[in-house]
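K.L.:
Each protein sequence line maps, in turn, to chains A, B and C. All residue numbers for the first sequence refer to the numbering used here, where the first residue is 1 and numbers rise by one. All residue numbers for the second sequence refer to the numbering used here, where the first residue is 1 and numbers rise by one. All residue numbers for the third sequence refer to the numbering used here, where the first residue is 1 and numbers rise by one.
Honestly, I wouldn't trust all of these hints.
What the hints assert, rightly or not - EDC-like, lysine to aspartate or glutamate: derived pairs with alpha carbons at most 16 Å apart:
hint: 1; chain 1: B; residue 1: Lys165; chain 2: C; residue 2: Asp82
hint: 2; chain 1: B; residue 1: Lys537; chain 2: B; residue 2: Glu476
hint: 3; chain 1: B; residue 1: Lys330; chain 2: B; residue 2: Asp302
hint: 4; chain 1: B; residue 1: Lys165; chain 2: B; residue 2: Asp244
hint: 5; chain 1: B; residue 1: Lys37; chain 2: A; residue 2: Asp63
hint: 6; chain 1: C; residue 1: Lys128; chain 2: B; residue 2: Glu526
hint: 7; chain 1: B; residue 1: Lys37; chain 2: C; residue 2: Asp82
hint: 8; chain 1: B; residue 1: Lys97; chain 2: A; residue 2: Glu42
hint: 9; chain 1: B; residue 1: Lys537; chain 2: B; residue 2: Glu526
hint: 10; chain 1: B; residue 1: Lys275; chain 2: C; residue 2: Asp82
hint: 11; chain 1: C; residue 1: Lys81; chain 2: B; residue 2: Glu33
hint: 12; chain 1: B; residue 1: Lys223; chain 2: B; residue 2: Asp282
hint: 13; chain 1: B; residue 1: Lys248; chain 2: C; residue 2: Asp82
hint: 14; chain 1: B; residue 1: Lys37; chain 2: A; residue 2: Asp24
hint: 15; chain 1: B; residue 1: Lys545; chain 2: B; residue 2: Glu523
hint: 16; chain 1: C; residue 1: Lys81; chain 2: B; residue 2: Glu35
hint: 17; chain 1: C; residue 1: Lys81; chain 2: B; residue 2: Asp492
hint: 18; chain 1: C; residue 1: Lys81; chain 2: B; residue 2: Glu523
Said to hold, decoys possible - Derived contacts from chain A toward chain B, CB cut-off under 7 Å, selection only:
hint: 19; residue: Asn20
hint: 20; residue: Arg23
hint: 21; residue: Gly25
hint: 22; residue: Asp62
hint: 23; residue: Ile64
hint: 24; residue: Gly68
hint: 25; residue: Val71
hint: 26; residue: Glu83
hint: 27; residue: Gly85
hint: 28; residue: Ser90
hint: 29; residue: Arg92
hint: 30; residue: His93
hint: 31; residue: Val98
Claimed, not checked - Reference listing, derived: stretches of chain B covered by chain C, where coverage requires no fewer than 3 residues with Cβ under 8 Å from a Cβ of chain C:
hint: 32; stretch: 33-45
hint: 33; stretch: 145-159
hint: 34; stretch: 331-342
Read the hints as simulated data drawn from the structure, not as lab findings. Just so it is clear, CB atoms sit at the ideal spot from N, CA and C, and this is done for glycine as well.
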Amino acid sequence: MTSPLEQKLKIAGPVVVTANRLRDGAVVYRTLDGRWSNRLDEAAVANTAPAATALLAASIADDISAVGAYVAPVRINANGQSEPGNLRESIRHAGPTVAPAMTPGI
Amino acid sequence: MYLYDELDRTIVAERVAEFRDQVGRRISGALTEEEFKLLRLMNGVYLQLHAYMLRISIPYGTLSSRQLRMLAHVGRRYDRNYGHFTTRQNIQFNWIKLEDLPNATADLASAGLHGMQTSGNCVRNITTDQWAGVAPDEIEDPRIWAELLRQHCTMHPEFSFLPRKFKIAVTAATHDRAAVKVHDIGLRLHRNGAGEVGFEVLVGGGLGRTPFIAKSIRPFLPKRDILSYTEAILRVYNQFARRDNIYKARIKILVHDLGAEAFAREVEAEWQHIKDGPLALDPAVVAEIAARFRYPDYARLDENPPELAQLRNADRRFDTWLGNAVANHKVPGYAIVTLSLKPEGGPPGDATSDQMDAIADLADRYSFGEIRVGHEQNLVFPHVAQRDLAELWRALDAIGVATPNVGLVSDIIACPGLDYCSLANARAIPVAQELTRRFRDLDLARDLGRLHINISGCINACGHHHVGHIGILGVEKNGEEFYQITLGGRADERAELGALLGPAVPYGKVADAVEEVVAAYLELRERPSEKFVETVKRLGVEPFKERVYATH
Amino acid sequence: MPLIKNGRVTEDRYIKILDDAPLPEDGPVIVPAARFLADAEEILRRNAPVGVIWPNNRRVAELEPYLDRVSLVILVFPSFKDGRAYSQARQLRERYGFRGELRATGQILRDQFLFQVRAGFDALDVAKAGDVDAFAAALARYTVFYQPAGEGRIAAARQRAARLAVPAPGEAML
C-alpha cells in the first residue's frame, strides 16, 4: 500500500490537512506553526500540490500528537474563512447529522 | 447464561493489563500508529470520523443485568450517555478517548465484558439466535457451542493473524434467526435420520463487495468434532486465502475460487490429521461448560392467564404490543419479549445510559436478570412470565422501548454510516429516521406485515442490505449521496440476495422511493397474507421498478 | 538483528547462503528452500548443521522427508499481519514432530512473541533491540490459555477437568 507521501498528490482547490488527535480522537487541523487545532479557521490552507505535500509530510511525521492525517478540501467563504469542502468533512467538523434523539450531553 | 470461572476472568484481566501497557507505549511514542493500530483493533478500538469507537463483545448476544448496568456506566463515565447495538450482537460507544481506554476496559472487565476480537483479522463474536435457550422450535441451546468455539478461538496462537476477519454463527432452530447462511462459517444444529444431534457445516457466506450464500460442505458433523473441524477450516483459510487484496481475502472468495467441493476436500484432508487429537471433544468438557450456563428456576404457570385476556380486551395499545412484540416460549406460562430500539425518529439500535439502567432493573424484575441483543438491533427479555406482561409493558412503554413495530417496516436495521464511520460513503441513520416518520402509522405497518428494511452506508454492508426485504446501499456519486435499492433479500434458512431495483436515487428521494415500493406491494399482493418477500419472489422487481421510476 | 533463542540473546552460528555460491566445507549453513530441495542429499551430506528458509506460501509437507536431518527451519513473517507461518510452525512441531530449531524471521512485534512461542517457535529474529528486554515480560503476559498447542502449556479445558476431580469452592456469580 503506497503511503500518502509516495502518492502523487493532486489537488483541485484549497486544502487543509486534518487528522484525529491521538489522546482523544478529536478532529484536528494542522496549523501553519506546526500545531494541531480543533478549529478549522486556524488550519493552514494549501493551494498547490507541493504545498499540500509538504504540509502533509510534516503532519504524518508528528504521529505522536495526531493520527491518520490526510488532505481534505475546503471552500473559502466570502469572509475568506475555510469551510468544510465536502459532506464528510462537514460531518467531521460539525458532528453527526442525526437528530438529537440519542445524543444528549453534546 | 454463562458464568465465568477464574480462568475466564484471568484472561480478561491479563488482556486489560496488556492493553494498558500498549496504550501507554503508544502515547509515549514507543509504538508507532502503524504498530499500534493492529493492537488496538484486537481490543475493538477503531478510529472513526469524530473519535475513537469502542466495540464491546456481547458473546452470542447474552447479557446479565449487571453487565447492562456496566455498559450504562461506561456510556456515562467515558462517552456521551448512549450506546449503539450492532448487527453482530455487540455494542459500540462512539466517543471514547484513547487515554480513558485503560480504565474503561478495566471497568468492563470487572463485569466480564471486553472488546477482545471485536475487530482485527481474527475470529469475531460468534453470534446466534437471540431466542436461544427459550425458542419453542429449537432442539437445544446453541450458545453452549458458541461458547466452546468462543474460547477455542480467543487468542488462538495460530489464528490471530488471518487474511481477514472471520465470522461464525450458530443456529439450532428450524427457523434461522442467526443468518448462518451469510457467515464465513454457519453451523446448523439438527437431528439426523438416526436421531442424533449434530452440525451441518456451511462455509463461505458473506455480504460486502462480493456477497455469497454459504455452501454446505458437511451435512452432518458429530458434536465431538466441532472444534477440530473448525480448526481445519481455519487452517486451510489461514494458509491459502489471498492476502494481496483485502477485497479478495475472505473465505467466501477462497471457497468460490476453489469450488466448494475442492475446498471441502482440503478441509477433510487437514481434518484427518487432527480429528482424534486433543481437540476431539470429551463429553465431560462439554458438560462442564454447559453446567456453567445457568437457566432460570421457572415457576409452574398457566398459559394465557385470565388477567392477560382481560387486559387485551380493555386496552388496545397493550393488545397491539402483545400481538407484535411478544413471542411464544418453550416453557408454559412464559413469553419472549422484544424491546424495540426503533422509536419513531430515533437512530436504530441506540439506547441511552438511562434506558440501559432502567432496562437492567426491569430485567431483574421480569426476566431473571437476563437480556439478549438481536442482530436486528433490538433487545429481548427471554424469560417473562405471561402474568407479568401487562405490568412490564407499562414500564417498557414509559422508557420508550415498547413501540409495537418489531419485524415491521419501521423496525429498520441500519449501520452507523457516514455520520460516524470512516469507511462510509453515505449516511444511513437519517434515512432510517425519515423512513420511521413516513411509516409511523402502525395500522399500515401491521397491514404490511413482516418487512425488513436494511440500510448500509457503504459496500462493507454492515447493515446487511443484501439480505433485506428492501435493501438500501448508500454510494457516492460526484460528491453527492445516492442510494441503490434492492428487493427480495432474505437472511433466514431460505437466504437469498436482493435484486437491484433500478438506478440509484438521491438522498432526498429515498423515502419517496420506498413509499412507492410499499404502495406497489399493496396493489400487487394476491391477498393480505402474502408477505412482501413472497410478492417480490412471485413477480420479480419489474412491476416495482415501473412504479418507482415512473414518478422520477 | 538480535536473535533470541530460548529466552536469551544468542549469537547466530549459522551462515546464510542465499545465492548459488558454493557452500563452505564446514560450519552451519542456511539455504533457501528451492536450493535445498534441488540439492537436498548433497547438502545434507555435509558434516555440519543445515538450516532451511521456508517461504510462507509453500506447504511444509514438502520438507517433511528431511526433517530428521535438518537442524533449523526458518519461517517467514513478511508483515506482522501475515499469519501463515503460525500454521506452518504448528504443523512442523505437532504433526511432523520436528525437534530442531524453529526460528521466526521478518516483521514481528513483541506483542506477538507469545503467539509465536505457543505455535512452536523457539528462536526469534527480532527487529528492535528493545524487544529483547521485553521478551520475558511478553511471555509472562498471560497465564491462562484456552486452546492446546504443542508447546506444553496446559489448556483451560484440562485445568478444569483436573479441578472437577476435586470439589471447588463456590464460584462467584458473574
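K.L.:
Each hint should be assessed against the structure and marked as holding or not.
P.N.:
Okay, the hints, checked on the actual structure:
no., hint, result
1, B:Lys165 to C:Asp82, "13 Å, holds"
2, B:Lys537 to B:Glu476, "29 Å, violated"
3, B:Lys330 to B:Asp302, "13 Å, holds"
4, B:Lys165 to B:Asp244, "15 Å, holds"
5, B:Lys37 to A:Asp63, "12 Å, holds"
6, C:Lys128 to B:Glu526, "71 Å, violated"
7, B:Lys37 to C:Asp82, "15 Å, holds"
8, B:Lys97 to A:Glu42, "23 Å, violated"
9, B:Lys537 to B:Glu526, "12 Å, holds"
10, B:Lys275 to C:Asp82, "26 Å, violated"
11, C:Lys81 to B:Glu33, "14 Å, holds"
12, B:Lys223 to B:Asp282, "10 Å, holds"
13, B:Lys248 to C:Asp82, "15 Å, holds"
14, B:Lys37 to A:Asp24, "15 Å, holds"
15, B:Lys545 to B:Glu523, "14 Å, holds"
16, C:Lys81 to B:Glu35, "10 Å, holds"
17, C:Lys81 to B:Asp492, "34 Å, violated"
18, C:Lys81 to B:Glu523, "54 Å, violated"
19, Asn20, "6 Å, holds"
20, Arg23, "5 Å, holds"
21, Gly25, "4 Å, holds"
22, Asp62, "10 Å, violated"
23, Ile64, "5 Å, holds"
24, Gly68, "6 Å, holds"
25, Val71, "15 Å, violated"
26, Glu83, "14 Å, violated"
27, Gly85, "9 Å, violated"
28, Ser90, "10 Å, violated"
29, Arg92, "5 Å, holds"
30, His93, "9 Å, violated"
31, Val98, "5 Å, holds"
32, 33-45, "holds (count 3)"
33, 145-159, "holds (count 8)"
34, 331-342, "violated (count 0)"
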